[in-house]
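Construct the entire structure; sequences and hints are all you get.
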Amino acid sequence: MAQTNSTNNSETIKGSTFAQPLMAKSTLISNSLTQPLKLATGSIFKVVSGSNEQVQDKDGNEVVRAVYKVQSLNSKLLPLATELEVKIKGQKCLLTEQDNVDLMFNTKMIIVAFDDLALWSFNGREGLTASAIRPLELNNEQIQRIVGGHHAQG
Numbered sequence: 001m002a003q004t005n006s007t008n009n010s011e012t013i014k015g016s017t018f019a020q021p022l023m024a025k026s027t028l029i030s031n032s033l034t035q036p037l038k039l040a041t042g043s044i045f046k047v048v049s050g051s052n053e054q055v056q057d058k059d060g061n062e063v064v065r066a067v068y069k070v071q072s073l074n075s076k077l078l079p080l081a082t083e084l085e086v087k088i089k090g091q092k093c094l095l096t097e098q099d100n101v102d103l104m105f106n107t108k109m110i111i112v113a114f115d116d117l118a119l120w121s122f123n124g125r126e127g128l129t130a131s132a133i134r135p136l137e138l139n140n141e142q143i144q145r146i147v148g149g150h151h152a153q154g
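In this text, residue positions in the sequence shown follow this note's numbering: the first is 1, and each later residue adds one.
Be aware that a few hints might be false.
With a Cα cut of at most 30 Å, we get these calculated DSS-like pairs of lysine-lysine [as the list claims (entries may be wrong)]:
no.	residue 1	residue 2
1	K92	K58
2	K69	K92
3	K76	K89
4	K58	K108
5	K92	K38
6	K76	K46
Pairwise CB distance ranges (calculated) [stated by the list, open to error]:
no.	residue 1	residue 2	range
7	L119	P79	12 to 20 Å
8	G60	N106	40 to 48 Å
9	V101	R125	26 to 34 Å
These aren't lab readings, by the way, just hints derived from the structure by calculation. Yeah, the Cβ is synthetic: ideal placement off N, Cα and C, and Gly gets one too.
So, in structure tokens, the structure goes:
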């Protein structure tokens, strides 16, 4: 599933992992509004835990939703270790119960990125949604380079 924190391989980060998304010319305002979100949340996250929840869609059908508690590794606005919750509708959580236990006792580290990360706000509440999650295979040195100097000073 994901790489543990004891791995010492020296793979380099592939350029496509951090490639800038292609922005549609017809949605200039929406494109510009996503930039501040990435500054706040960052784009690479350490998973704290994962679970599933059942929700009803607009037609009243039960749909599964993956819920991930994560910490941003490269936020430019939030303090390091700020915990965020990201939900992915229509997808089951990739983590097993054993993965959650390993994460709880720090015997495993899972680093991920989310596709189409979006912020919603309603009645004074806010949350994050995404269309998919991608585990990233990063070694400790790569993670330290990402964290070093790329987070807000809390």
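Structure-based check of each hint:
| no. | hint | result |
| --- | --- | --- |
| 1 | K92 x K58 | holds, 19 Å |
| 2 | K69 x K92 | holds, 14 Å |
| 3 | K76 x K89 | holds, 27 Å |
| 4 | K58 x K108 | violated, 37 Å |
| 5 | K92 x K38 | holds, 24 Å |
| 6 | K76 x K46 | holds, 16 Å |
| 7 | L119 x P79: 12 to 20 Å | holds, 18 Å |
| 8 | G60 x N106: 40 to 48 Å | holds, 41 Å |
| 9 | V101 x R125: 26 to 34 Å | holds, 30 Å |
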